[in-house]
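Asks: Okay, here's what each chain looks like letter by letter:
There are 2 protein chains.
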Amino acid sequence: MPVNYATPSAASLFPVAGVRLGIAAAGIRKTNRHDLTLIELAAGSRVAGVFTQNPFCAAPVQVCQQHLAGHGIRALLINTGIANAGTGEAGLLAARASCSALAALLGLSDRQVLPFSTGVIMEPLPLKRIVSALPNCQSALRGDSQGWLAAAHAIMTTDTVAKVASRQIMIAGKPVTVTGMSKGAGMIKPNMATMLGFVATDAAITQPLLEQMVKEVADVSFNCISVDGDTSTNDSFILIATGAAGNAEIASAARADYAALRDAVAAVAGELAQAIVRDGEGATKFIEIAVDGGLDAAECKAVGYAIAHSPLVKTAFFASDPNLGRILAAIGNAAQACATLADLDVRTVKLWLGDILVAEYGGRAASYHEADGARAMAPSEILVRVDLGRGSAHARLWTCDLSYDYVKINADYRS
Amino acid sequence: MPVNYATPSAASLFPVAGVRLGIAAAGIRKTNRHDLTLIELAAGSRVAGVFTQNPFCAAPVQVCQQHLAGHGIRALLINTGIANAGTGEAGLLAARASCSALAALLGLSDRQVLPFSTGVIMEPLPLKRIVSALPNCQSALRGDSQGWLAAAHAIMTTDTVAKVASRQIMIAGKPVTVTGMSKGAGMIKPNMATMLGFVATDAAITQPLLEQMVKEVADVSFNCISVDGDTSTNDSFILIATGAAGNAEIASAARADYAALRDAVAAVAGELAQAIVRDGEGATKFIEIAVDGGLDAAECKAVGYAIAHSPLVKTAFFASDPNLGRILAAIGNAAQACATLADLDVRTVKLWLGDILVAEYGGRAASYHEADGARAMAPSEILVRVDLGRGSAHARLWTCDLSYDYVKINADYRS
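Top line first, the protein sequences correspond to chains A and B. According to the numbering used here, the stretch in the first sequence is residues 1 to 415, in order. According to the numbering used here, the stretch in the second sequence is residues 1001 to 1415, in order.
To be clear, the hints were calculated from the coordinates, so they are not data collected in a lab. Please note: incorrect hints may appear among the correct ones.
Simulated crosslink set (DSBU-like; lysine-lysine; CA at most 35 Å straight-line) [as the list claims (entries may be wrong)]: (1) B:K1350 x A:K215; (2) B:K1350 x A:K350; (3) A:K30 x B:K1030; (4) A:K408 x B:K1030.
In this text the structure is predicted, and so the values were computed from the model without any measurement.
Start from the sequences and build out the full structure, keeping to the hints where you can.
Replies: Structure, rendered in structure tokens:
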């Protein structure tokens, strides 16, 4: 059960002109399961992406990066069940062969196709079954919101809900749509991108600005979440602009139209990223961590992640136990990950749970009462605020608690 | 239930001449529980220590470091229940006051006493109850192996077994004893020391060499373990040399007597460190991770800890599920913690479980069969070997799996 998240209805999901989606059951790991998704883009669409920094990155991630170096992307192919990561040279050949097969079907060149995989690592991709199912994907293509919902279901692995988000804004008098989907629940600590996130808009925007926007948006959305601190081999965040809205092409990052589109894309991506945390494996609580007063954003993020990754902090949240000294210990541990924190003076650090001041001057605040802490730990949404008291930088990230079910899900995942 | 570890019997535990131990029930957090330990050292004893690097280090850690700057330490006072960390100025005053009270009782100066605390963070130390119980500790002092066993029990928190280890060696014709105890089961990822570890020898050795030895031994014992990746606020590892064995004082690190003593101390400390992992909260498996072929020891350790700290790897061990792609992903994630790994070529990396080659050339080894992996994951002791294939450095560390009981223990700890 996700924490305060349900899949939006088809009525609140706006389709994107120039984007059609189709799904099929290829029998990749399980039979009778929709596990293959095709996204077809209209001619003239622009695509930009950011990917995992894990050196053991998956074969499809490597192929995506090569194909995005050219332009004219017209199709995305996404399979679940097998990650095609840790598969060496054979994995690269399989990813390329799936692109070739789809390109042949659609009358494109191989390099106009982007491949994505998610699932078990170090297992070979069942290429033949995927290729056989491509015509079914093609005949299922549809451009309405039902197409988005079906695709959002088909890309799930340990997810318990499909994740979609949508916005409509006006840009220079033209209505513009931004709609996206994501998947992910475990092995979530994106570094430059998330497990899989796809956001499309019908806005017209130049290729360089689209590439700038995908990075800016990733840094305030998918790069701010963690379920278990494990960066995946397959993280990919893709931003598509079909240009079908007919707005004057966005051509300067300094202009209001760029900011308006970026904010809408960031709102959709932020909702999708938070949905991953809300659906985090075994999650019972959604926790926002805001760190202010750092010398730079990097040390604020290091403090945030030290809190977000501490199993002791996460189990205390699960238990609604205000054992808040564990958070102080985690703040101190950030110094191991971030050299500038070596001279952190704990006497300037302040810690709040929601509006309750918990710690200052290196210890428990005089005004703090355990009953207040217990009250602040009880809800399903909790805000942890830290002020490092040594600068003006800040960072904000989202995580979830660590429950019995996280262990159960990950001990059982393959069986 | 610890993994293949039971407290050694009194008969296999050699007391150390010049060291007496006494315990008492001070009612620090619970009544009728031995929670206070006094270790009394003969005049002329030498003491060295290493401590947590966490900036939120506990008050007793700060006092220990100040008192060790002088010499002539004659008593150690250890309480469980309350960590006296995250307690600000009041915590420092309480730690110093406990030293003063004990010094007055024993006729010492305050600076001849070292204080240690372990337990819940951010709660005030109940100084009055501790001071009241000091005479009971004093009258309980005994120099035999029962004294060590009683103390090893009295310093436990979430530990399920008392941890002691002992060796006898000959140095220049004189019998020399090395005996120690440790505690810890959670918040375990020591950085320069462990939760609490005390090792004493009756060997005579100069103060500078004792200080060198405590660092050398920590680096191959307590600094090589992790239960949950959380570095504690209270980690302390103390090495005591009473000089009562009557050997010619060890005065050169280049001589065989230094190496003989260091090896015996390292054997005792290694056994105590491994006992902490075997008794790791909820542990059902003991895992040794050996990383070879790195450019330097730091990157080998980074790879080892990335594996040891991955909740996905740890839950797979708990399930005996050879979902070994998770280990490849963890190896890749070490690049986030260690800059030299940014250019890691995954094609040179090899991974074994015990003697079974699992992965090479960036993917699954041709000779690997899942049935072999399942067999290798089944036992309660597992060796994970990684060869980075790019240098000659190596590192070795020890960890445990992540089970339902870890969550249960840490969700329930204070209640």
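Asks: Hey, K1350 of chain B versus K350 of chain A, does the alpha-carbon distance stay inside 35 Å?
Replies: violated (45 Å)
Asks: Is it true that the CA of K1350 of chain B sits at most 35 Å from the CA of K215 of chain A?
Replies: Holds. K1350 of chain B to K215 of chain A sits at ~33 Å (cutoff 35 Å).
Asks: K30 of chain A and K1030 of chain B were given as a pair; does the straight-line alpha-carbon distance stay at or below 35 Å?
Replies: With Cα atoms ~53 Å apart, K30 of chain A and K1030 of chain B exceed 35 Å; violated.
Asks: What's the verdict on K408 of chain A and K1030 of chain B, does the C-alpha distance respect the 35 Å limit or exceed it?
Replies: Holds, at roughly 33 Å.
Hint violations for this structure: numbers 2 and 3, all remaining hints satisfied.
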